[in-house]
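Participant: Protein chains in written order, with numbering that gives the first Met the number 0: chain G, 0 to 130; chain X, 0 to 882.
A couple of the hints might just be wrong.
As the list claims (entries may be wrong) - With a straight-line cut-off of 25 Å between C-alpha atoms, the simulated SDA-like cross-links for lysine to any residue are:
{"hint": "1", "chain 1": "G", "residue 1": "100", "chain 2": "G", "residue 2": "87"}
{"hint": "2", "chain 1": "G", "residue 1": "100", "chain 2": "X", "residue 2": "55"}
{"hint": "3", "chain 1": "G", "residue 1": "100", "chain 2": "X", "residue 2": "26"}
{"hint": "4", "chain 1": "X", "residue 1": "524", "chain 2": "X", "residue 2": "681"}
{"hint": "5", "chain 1": "X", "residue 1": "648", "chain 2": "X", "residue 2": "625"}
{"hint": "6", "chain 1": "X", "residue 1": "128", "chain 2": "X", "residue 2": "353"}
{"hint": "7", "chain 1": "G", "residue 1": "93", "chain 2": "X", "residue 2": "6"}
{"hint": "8", "chain 1": "G", "residue 1": "93", "chain 2": "X", "residue 2": "55"}
{"hint": "9", "chain 1": "G", "residue 1": "81", "chain 2": "X", "residue 2": "329"}
{"hint": "10", "chain 1": "X", "residue 1": "637", "chain 2": "X", "residue 2": "676"}
{"hint": "11", "chain 1": "G", "residue 1": "100", "chain 2": "X", "residue 2": "46"}
{"hint": "12", "chain 1": "G", "residue 1": "93", "chain 2": "X", "residue 2": "843"}
{"hint": "13", "chain 1": "X", "residue 1": "524", "chain 2": "X", "residue 2": "843"}
The hints are simulated quantities; they were obtained by calculation from the structure and are not laboratory data.
Listed below are the residues making up each chain.
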Amino acid sequence: MSTIAPFESRISSMAKQTQKCAAVLQGTLDMLILRTLLYGPAHGHQIGKHIQRTTNDFLQMQHGSLYPALHRLERQGWVISKWDTAPDRNREFKYYRLTEKGRKQLVVEESQWKQMAEAVARVMWPATEES
Amino acid sequence: MKWWQIRKRDADLERELQSDLELEEEEQRANGLSAEEARHAARRAFGNTTLIREHIHESWGWAPVERLLQDVRYAMRQLWRSPGFSIVAMMTLALGIGATTAIFTLVYDVMLRPLPFARPDRLVTIEEKVAEWSNLYPTLPVSANHFTFWQQHNRTFDSMAVMQQYSVPLGASGRALQVEALSATPGIFSVLQVQPELGRGFTADEAQRGHEHVAILTYDLWREQFGGDPGILGKTISLNGFPYSVIGVMPQSFHMPSIQTMDTFGTTNRPLPIGILVPLTFSKERLAEEMGDLNYFGLARLKAGISVAAANAELNALQHTIAANLPADEKATLSAEITPFQEKLVGNNRKALMILLAAVVGLLLVGCVNVTNLLLSRAVGQKRQMAVAAALGASRAELVRMATRETAALAVLGGGLGVLLAAVIVPSMQRYLPPALNFRGPLHLDWAGVGCALLLAVLATLAAGAAPAFMVSRTAPQEVLHSDSRLTSESLGSRRARRVLVATEAGVSVALVLMTGLLIASLVKLMAVDRGFTTERTITATVVLPSESYHDDQHRAAFYREVLERIGELPGVEHAAFTSVLPLTGDGWGDFARVAGDSRPVTQLPLESFRSISPQYFSAIGLRLTVGEMFGESDWGKNLALVSEKTAKSLWPGKDPLGQQFSRGNPATEKPFIVVGVVSDARTVSLAKPDPMLIYVPYWYRVEPMAGLVVRTHQNPSEMADVIRQTIWSVDRGVPVPTVRALGGMVADSVANQRFEMDLLLLFAASALFLAGLGVYGVLTYSLAQRYREMGLRLALGAQRANVYWLVLRDGLLPVAMGAIAGIAVAFGSARMVSSLLFEVSPYDPVLSAGAVGMLLAVGTIACLLPARRAAAVEPMQALRTE
Chain G
0 MSTIAPFESR ISSMAKQTQK CAAVLQGTLD MLILRTLLYG PAHGHQIGKH
50 IQRTTNDFLQ MQHGSLYPAL HRLERQGWVI SKWDTAPDRN REFKYYRLTE
100 KGRKQLVVEE SQWKQMAEAV ARVMWPATEE S
Chain X
0 MKWWQIRKRD ADLERELQSD LELEEEEQRA NGLSAEEARH AARRAFGNTT
50 LIREHIHESW GWAPVERLLQ DVRYAMRQLW RSPGFSIVAM MTLALGIGAT
100 TAIFTLVYDV MLRPLPFARP DRLVTIEEKV AEWSNLYPTL PVSANHFTFW
150 QQHNRTFDSM AVMQQYSVPL GASGRALQVE ALSATPGIFS VLQVQPELGR
200 GFTADEAQRG HEHVAILTYD LWREQFGGDP GILGKTISLN GFPYSVIGVM
250 PQSFHMPSIQ TMDTFGTTNR PLPIGILVPL TFSKERLAEE MGDLNYFGLA
300 RLKAGISVAA ANAELNALQH TIAANLPADE KATLSAEITP FQEKLVGNNR
350 KALMILLAAV VGLLLVGCVN VTNLLLSRAV GQKRQMAVAA ALGASRAELV
400 RMATRETAAL AVLGGGLGVL LAAVIVPSMQ RYLPPALNFR GPLHLDWAGV
450 GCALLLAVLA TLAAGAAPAF MVSRTAPQEV LHSDSRLTSE SLGSRRARRV
500 LVATEAGVSV ALVLMTGLLI ASLVKLMAVD RGFTTERTIT ATVVLPSESY
550 HDDQHRAAFY REVLERIGEL PGVEHAAFTS VLPLTGDGWG DFARVAGDSR
600 PVTQLPLESF RSISPQYFSA IGLRLTVGEM FGESDWGKNL ALVSEKTAKS
650 LWPGKDPLGQ QFSRGNPATE KPFIVVGVVS DARTVSLAKP DPMLIYVPYW
700 YRVEPMAGLV VRTHQNPSEM ADVIRQTIWS VDRGVPVPTV RALGGMVADS
750 VANQRFEMDL LLLFAASALF LAGLGVYGVL TYSLAQRYRE MGLRLALGAQ
800 RANVYWLVLR DGLLPVAMGA IAGIAVAFGS ARMVSSLLFE VSPYDPVLSA
850 GAVGMLLAVG TIACLLPARR AAAVEPMQAL RTE
């Protein structure tokens, strides 16, 4: 029993970390994907690359969260997917497109994020608020 | 998303990941990496694609189902890989669950299924009790006089009715059909809360003498005999030779159990279902009889909220009033007994059914123990696998899940097979239903039975899978992984657990074997008991005379006489006789013999069973005359009588019974009987007990419309059946002959129920013994495989082969012997429950108990010998070298 403890504790602490990360990321990741799709349909790889590039590689895209997020969005009906041939290549990719419902959701998330950011800002930098 | 789309979705997902992965690879190559480096870089960037897929699957919401399917697939694969184990375990469970379900279905049908009437729990039967006759008849049917009084004065009953059931010929003479008629007072419809579907019930007027020729058909009889004629109402049918006007047809759902009163008790083993209802009427004389005519089956419906006890108390008070007003010469202590209808119908079948149920549950238990044992051995084998899983971070819950999925799959398969088995067995048990309860139509496996099977399967999983799961969940991985696999041996705890399991098996088996032995011994004794009459080359038939064409004793006697003459002339016939009651078909007519000079009130007189017979009766069934002689046809019209030895001893103690006189009823008006002979005591009412006091009177004194014919032949009696029917019909084509049977067959029929119980128990006991043997063998084989090196070492150090034999035998037989002792203790503990089913065998019978233990030990020894031989044949050098 005693030797199993290190295994157990290591595994459980790892599990806790990933869970925390995912929780923080999840809300914003959905928003970022929806925002990216506003430019037009894109496949998973493009979305990931776009976010990475736009943030100057600050946000490293984890494939392990990107694809589950895409499928979650699709389940919610915010995006729909379709296999299509890429314009520059002779290959098919799975393209995700924003739906009307997704657009509305983006507005909601955006305003929520804004409120959140402002609230955080007011706490962090009270002087700027006074000026 | 629907779960059957998962496969398609998954393929789609894989394609998506693959195409994006390739794209990543291409981009990496464009950055100047070599093909191989690019592939590795892309894979690194993507991470664990399987994990991604699993996460996405979770998001689809069908993960639990997928996990379950995965478990099922895994379990099936495991089972497929060791077919021997799987088949044995599955069959064991199927047998146990199937047999238990079948017996449960029987028990449920008989004891628990509500009777098919509205509010059946309110239905009760009423019986009378007369303290003076309680030694012979603990309870008696109801008298019309008392019933009328109760009906007028009770407050606790919603409604009440009395009834009688009898066979009558239906239809025109020449092709008369035998049907069962229920003759009941009009209250029956409100008691049962059922009304005819067509037409109406009986009116109060139709319950009066002279207006009673109306009949109500049951649905089945209406369909079968009258083609479902919608215009049947008002038509006339011939019943008992009389015209009856049909006034109603009962609904299809109406099924009435056969009711038994003194007259009909045991007349047939399998009565026909009731086909026709007619009003029961009483003559003025009947109604005036205050202490006679205890002939009717009483059925009543309690008012809402009234308990059985309260109603019984009221009825007892009414009985007290009746008793207080009895004339001096009929003084008696009266009371009444109320029993719920269903309980009354189940009667003394309860105990036998409970024992069968207990036995079959025992068999299931033995089966489960065996499966547990097998699973334990496998669990030990899978220890390393589990330890690896635990080391890789599988939670305890997951380990238990891994350990139980095989058991669960086994239970589902075994349970399914068990249900199939039960579905096959159940219909064949119909003929073993107690006659009174065999009225609901075909017996089949229903939801109650299937529910029982499912519950048993779940319980079996829990029972059989618990121990291995517990063991696995306590696996300490480092111990298992570090330890040298060659040296792993079974832990002390697990070994002890196995011994307890084997002991349990042995205990249950020995109890079952003992029980079966007791019942077999009982039945053997019952069949071998000195019946006092013979059955060889003897054939019987029953005849029912239609009461219109045979309305008085003279006509009936003339018919019987003519039939006897014609049968007597047939080639091969030795003796032919009529009797009012055939052997083993009941008590017959009970009455009081008043010895000349005795002036006690009627209720103080001894009660005897009367039979009216024709002269050759005793020779036909081989009953011996001890003194005197039989009356003959030449005595026609004379009041002569023969008495049994018991009667002679109690009526005329110490005197010569020959020539003594007695009378029935009032000696002033009745011509007395003269005793001309004494007949030896026998067992003609029931094989299980000596006959009560019997008095035989000539058939010309009292000629009943229903009689039994006994014919003793030189030939095989079965060849005579047709000849006898034809001979009876040559006298009158209109007389139904419902049954023609060999007397030997009737004797066998009278113990059919016991035989059924015995057969089933024998089957259960043999299966339990076999399983116990298998259990001992399995445990020993396994433990010896673990101790292979030990055996080699012992032999190398000089142990003799005989010592090894002895070691193994002791190891195997010790738990068996302990279990056997426990089993005998359990059997003795429940002896009181069993003893009433036994005949002249003590439940503590030492020979049978020793036999049961001996049989188990023999089976155990056989099961030990094979592993013991293998152990003794171990080559020491080889065993010690095996690494």
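Participant: Quick one: which hint numbers does this structure break? Sort them smallest to largest.
Facilitator: Result: hints 1, 3, 6, 9, 11 and 12 break, sorted rising.
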